Amino acid sequence: MQTPHAPSERGRFRGCLPSPAPHFEVERWTLSVRRSSRPIPMYHVSMHRISSRVVALALSLAGGLGSLFAADVLHFRVEDTIQPASQSFVARMIAEAEMEGRDLVVMELDTPGGLLDSTREISSTITGSVVPVAVLVAPAGARAASAGFFILMSADIAAMTPGTNTGAAHPVGGQGQDIGEHMEAKATNDASAMIRALTEGRGRNPDKAVEAVVESSSFTASEALELGMIDVVVNDFDELLEVLNGREITRFDGTTVTLDLEDPRVFSAEPSSAEKFLSVLANPNIAYLLMALGMLGIYVEVTHPGAIFPGVVGVIAMLLALYSLSVLPVSLAGVALIVVGLLLFVLEVKVASYGMLTVGGLVSFVLGSLMLFDSPIPDMRVSLGVVVPTALLVALVTGFLLSRVLKAHSRRPTTGIDGMVGEVGRVVRDLDPRGKVAVHGEWWDARTRGEFAAKDEEVRVLAVVGRYLEVEKVGGEPVEH
265 MQTPHAPSER
275 GRFRGCLPSP
285 APHFEVERWT
295 LSVRRSSRPI
305 PMYHVSMHRI
315 SSRVVALALS
325 LAGGLGSLFA
335 ADVLHFRVED
345 TIQPASQSFV
355 ARMIAEAEME
365 GRDLVVMELD
375 TPGGLLDSTR
385 EISSTITGSV
395 VPVAVLVAPA
405 GARAASAGFF
415 ILMSADIAAM
425 TPGTNTGAAH
435 PVGGQGQDIG
445 EHMEAKATND
455 ASAMIRALTE
465 GRGRNPDKAV
475 EAVVESSSFT
485 ASEALELGMI
495 DVVVNDFDEL
505 LEVLNGREIT
515 RFDGTTVTLD
525 LEDPRVFSAE
535 PSSAEKFLSV
545 LANPNIAYLL
555 MALGMLGIYV
565 EVTHPGAIFP
575 GVVGVIAMLL
585 ALYSLSVLPV
595 SLAGVALIVV
605 GLLLFVLEVK
615 VASYGMLTVG
625 GLVSFVLGSL
635 MLFDSPIPDM
645 RVSLGVVVPT
655 ALLVALVTGF
665 LLSRVLKAHS
675 RRPTTGIDGM
685 VGEVGRVVRD
695 LDPRGKVAVH
705 GEWWDARTRG
715 EFAAKDEEVR
725 VLAVVGRYLE
735 VEKVGGEPVE
745 H
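Just so we're aligned, residue 265 is where the sequence shown starts under my numbering, counting upward by one.
Just so you know, the hints here were simulated from the structure itself, not pulled from any lab data.
Be a bit skeptical, because a hint or two may be false.
[Stated by the list, open to error] Quick list of simulated restraints, FRET-style, between CB atoms:
hint, residue 1, residue 2, range
1, W707, R668, 36 to 44 angstroms
2, A571, L607, 34 to 42 angstroms
3, E479, E503, 30 to 38 angstroms
4, L607, D336, 21 to 29 angstroms
[As the list claims (entries may be wrong)] Here are the simulated DSBU-like pairs of lysine-lysine, each with C-alpha atoms no more than 35 angstroms apart in a straight line:
hint, residue 1, residue 2
5, K472, K450
6, K737, K700
7, K700, K719
8, K737, K719
Bear in mind that the values here come from a model prediction, so they are computed numbers and not experimental data.
Beta carbons: idealized from backbone N, C-alpha and C, even for Gly.
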């Protein structure tokens with residue numbers, strides 16, 4: 265009777281095959297995964313590998329799904345006066361957010377105010393946006409004054425950081441002029457109705473908002489929050505997202521939305537090159553410099569025909585200045601004073617005023633420059649530091665060019681027939697009173713005005729009349745003309 269072989273160490277584990285080849289494979293596997301003095305069975309090894317891969321795949325899918333369902337936030341800044349370029353930028357940002365399916369738009373705002381038409385367009389774009397829009401007045405020291413106040417009140421979420429202010433939204437004339445008591449009342453009533461509609465639609469304090477329009481009241485961040493004019497006060501953009509996470513907001517159309525901003529993806533955007541360029545043109549200082557450059561360039565081309573380059577530069581600068589003037593509150597009185605100043609510079613060269621016209625021209629030009637953009641908003645007026653150097657430069661350049669032109673006009677001609685007047689020639693055939701003279705080596709028919717001149721005597725040309733030179737003897741008595 266055969267005694268059965270005692271099972272080997274490997275034979276105790278189920279799944280281990282007795283054949284030599286599998287035995288070798290099991291040995292390889294047990295060596296590759298041994299963690300202690302005991303080997304691990306083959307089926308345990310397989311399950312261990314599969315489980316590791318499943319866990320890794322699950323984690324990968326979880327990360328991908330988390331990224332897939334994360335909230336998308338579009339963030340941009342408006343740090344300028346409100347005018348067509350900034351209005352175009354805001355409209356483009358909100359349109360892109362709607363196309364890309366963003367969950368929230370956050371506009372950081374810092375503006376002294378701007379044009380009412382552009383403000384209305386921005387407010388209308390915000391209230392009609394499919395994507396919720398938050399307006400954050402930031403950083404500390406920023407403001408949402410005048411037009412900025414309307415934009416802040418139109419947002420789904422109105423937020424401010426400590427150290428900021430808003431309000432002072434009393435309307436002014438669209439061209440910077442004194443609009444008169446009657447027109448001012450109409451403009452104020454219209455702006456009051458607009459701000460009341462915005463605040464009531466957002467569930468904010470309409471009475472205090474109207475006060476900002478009628479009485480130009482301003483509010484700090486804490487005051488605005490206490491009066492129910494804004495929703496939150498936060499330190500920065502990141503804190504705003506934390507505060508808004510899970511918050512339920514009411515849209516302008518009355519629908520409610522709960523913001524899920526857990527680990528959001530933030531997309532930052534900036535104005536395009538064209539929007540930045542147009543925004544620069546809307547700067548009153550730039551508009552003023554372009555206008556001055558355009559006037560000088562065109563003037564140089566008129567006084568020095570054929571120079572070409574000054575004329576081209578002047579026309580381009582003037583066209584850009586005209587665009588700027590079309591979007592800024594221009595005072596017609598300021599334009600008139602600038603034109604009068606230029607005319608006085610021109611007259612100074614032609615009239616002996618002993619500098620009085622130049623002084624008057626400078627005063628008129630400076631006053632017109634300061635009045636050119638007559639707005640209560642300092643950022644929409646020309647800086648005195650720009651006006652004075654520009655006025656002096658225009659006066660100097662204009663005076664210099666005019667003096668050169670008049671000097672050239674007063675100089676005796678030196679070429680052509682007219683250039684012969686005053687030249688000295690020699691008689692080659694007696695003048696009695698007609699004969700011939702040689703001037704510049706050329707023979708000319710000549711005549712005197714009654715006197716006789718013998719051959720080889722010197723004569724001076726007095727005038728050119730037809731084909732004759734009228735002459736007189738040099739050293740003789742001058743002939744009465």
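Status of the hints after comparison with the structure:
no., hint, result
1, W707 <-> R668: 36 to 44 angstroms, "holds, 38 angstroms"
2, A571 <-> L607: 34 to 42 angstroms, "violated, 22 angstroms"
3, E479 <-> E503: 30 to 38 angstroms, "holds, 32 angstroms"
4, L607 <-> D336: 21 to 29 angstroms, "violated, 60 angstroms"
5, K472 <-> K450, "holds, 20 angstroms"
6, K737 <-> K700, "holds, 13 angstroms"
7, K700 <-> K719, "holds, 9 angstroms"
8, K737 <-> K719, "holds, 11 angstroms"
Checked against the numbered hints given earlier, the structure breaks hints 2, 4 and satisfies all the rest.
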